[in-house]
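My request is simple: use the sequences and hints to build the entire structure.
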Amino acid sequence: MAKATILVVEDEFITGADIQNNLRETGYDVPFVVDNGEDAITKAGEMHPDLVLMDITLIGEMTGIAAAAQIRDRYGIPVIFLSAHSDDTTITRALESEPFGYVIKPFESRDLKIRIEIALYKHAMDEALRERESTINALLNTIPDALVLLDHEKKIVAVNETMARQLQKSREALKGLDIADLPLANTGTLQQIDDVYVQGRPVHGEEKRGDRWYEVSMFPMTDTNGRITRIAIQSHDITGRKHFEEQLKNEGVGQIEQNMEQFQTLNDQIRNPLQAILGYLQLGDPAYFPKIIHHVQEIDNLVVRLDKGWVQSEKVRSFLFRHYRHGAGIVPDPDGTKGEAD
Amino acid sequence: METVMIVDDTPAIREVFTLFLKRSGYLVHAVMGGRECLELLKTVQPDLILLDIMMEPEDGWETLDAIKSNPATRQLPVMMFSAKTPTRTEIREHGSQIEDYIFKPVELAVLSRSIASVIENCRVVQREKESLIQAGSDRDTISEYYNRLRSVTLIKKLMQRFRDAEKGDEDMIRVQEEQMVQFRKNLRPGTDRPQLSGGEIHGQ
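Line order of the protein sequences matches chains A and B.
Anchor point for the first sequence: position 331 equals 332 in the working numbering, and the numbering is continuous, going up by one each time.
Anchor point for the second sequence: position 193 equals 215 in the working numbering, and the numbering is continuous, going up by one each time.
It is worth saying that the hints were derived from the structure and are not from the lab.
Values in this document were obtained by computation on a predicted structure and should not be read as measured data.
Cβ atoms here follow ideal geometry from the backbone N, Cα and C, with glycine treated the same way.
You may find that some hints are simply not true.
[Said to hold, decoys possible] In silico contact screen, one side only, chain B against chain A (beta carbon under 10 Å); selected entries:
#1 Glu24
#2 Phe42
#3 Val53
#4 Phe125
Structure representation (structure tokens):
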């Protein structure tokens with residue numbers, strides 16, 4: 002691992018040089034010592050040290066505490082304060098700016114090294130945590146589904162942006178709220194959450210909120226002991242699909258009704274010539290043969306017309322297939338013995 | 023000589039039936055629609071009307087209603103004749119108005135038997151009615167009884183044609199049968215036929 006770089010801010014030249022030497026001997030890279038807050042901020046921006054060792058009392062207007070706050074806010078660099086002060090108010094003020102440590106002069110170089118190492122480690126951990134959080138947030142917010150994480154009291158632990166938008170509140174404002182108080186939960190939902198806790202299995206269902214439809218999935222989340230401590234609820238917007246299904250259903254039903262009507266007419270158009278054929282036949286006179294042939298042709302023509310007309314029954318087929326899982330030629334023959342579907 | 027009126031919009035059917043029924047000894051009138059049928063009924067009193075259903079502009083059911091709502095023609099026996107299976111509603115509404123329902127295509131011999139049987143049956147019923155009236159039974163009760171009897175017999179026959187018998191069908195029959203029994207209790211047996219077993223409709 003590369004040497005950690007440390008910026009030293011100290012208004013007393015001799016002390017500064019002393020610390021610089023000290024730290025170099027301990028194994029850190031200490032390229033500069035500056036003596037005022039403004040320079041400290043500038044240098045921190047230029048060199049991006051791993052850590053700043055900051056005297057509270059500095060030359061100029063700016064105190065070490067103010068400079069440390071800016072360095073932390075602008076560059077996210079951890080700061081350890083150095084001070085001869087040991088009175089409470091100074092320490093409290095310094096801690097308010099969230100420093101990684103506070104060292105009272107004079108100090109042992111071994112103590113300082115420990116403080117620096119702790120600060121560097123803590124900073125690395127915080128960075129890793131922030132990194133992980135932002136990754137999780139990025140993941141949560143990338144998917145268009147609404148997500149909410151509940152604790153065992155059905156209180157919100159976290160939500161993603163989509164969920165927050167749906168509820169018209171900020172993600173922060175939603176934290177800790179009871180799910181029962183939010184418009185996304187009906188009694189059925191609350192019961193399902195209980196079921197997931199009890200049974201430990203995910204559940205899936207569809208539900209309508211306002212004028213939109215959602216596919217809702219609930220997943221139990223366990224702690225290291227295997228106990229369910231949280232439940233993640235994912236709501237996938239299926240309004241479009243529902244509308245499509247509804248439309249398909251209406252169109253399919255409409256088309257079927259139309260076909261039924263056609264069929265009733267057909268009934269007559271086929272059976273009337275059949276009746277004529279049967280009648281002429283039974284009259285038993287060959288003189289009627291041309292008439293019989295005429296009525297046979299009538300039925301034949303009808304079948305030709307039908308063959309053309311029923312092509313538009315595609316809608317019916319897709320409707321039947323979707324809702325009843327059958328439709329001409331769509332389902333393959335399981336053992337392949339019947340050959341091609343006709 | 024008995025008279026049959028054929029109402030059908032298919033010329034070939036009118037031709038075949040006319041030829042056949044004339045050969046079988048009937049006097050036949052064949053017309054192409056409901057309007058023509060009603061017009062002809064002003065001058066002709068057939069023993070049976072064979073009525074097609076799917077016709078334009080008036081269909082068979084409308085024509086039937088017109089026949090049955092006119093006091094001059096309401097007593098004429100009507101037999102429906104169609105390619106179409108009637109709906110339950112149609113049977114509920116018209117079951118008591120018709121003697122039989124025959125499906126196209128029908129063999130001429132079967133048609134002939136049905137016609138003969140309906141005409142004969144109507145005669146029997148007519149005699150029974152007269153006998154009941156003479157015995158002092160109420161005219162309305164008599165006609166209600168025979169209406170139910172016709173209706174029940176017809177539904178039982180047609181139920182087999184319904185693709186799926188429903189619970190409602192059984193109920194429909196049961197209700198009408200109960201009413202029928204009720205009406206029968208109120209009839210005084212006539213001299214001609216003390217047991218009212220007549221009125222059966224002979225199917226195809």
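Does the interface hint hold: is B/Glu24 within less than 10 Å of chain A, judged Cβ to Cβ?
20 Å, violated
Please verify that hint: B/Phe125, Cβ, nearest Cβ of chain A, below 10 Å or not.
8 Å, holds
Regarding the hint that B/Phe42 lies at the interface with chain A, is the smallest CB-CB distance below 10 Å?
Holds, about 6 Å.
Given B/Val53 as an interface hint, is its Cβ closer than 10 Å to any Cβ of chain A?
The hint is violated - B/Val53 has no Cβ within 10 Å of chain A, the shortest such distance being about 16 Å.
Hint violations for this structure: numbers 1, 3, all remaining hints satisfied.
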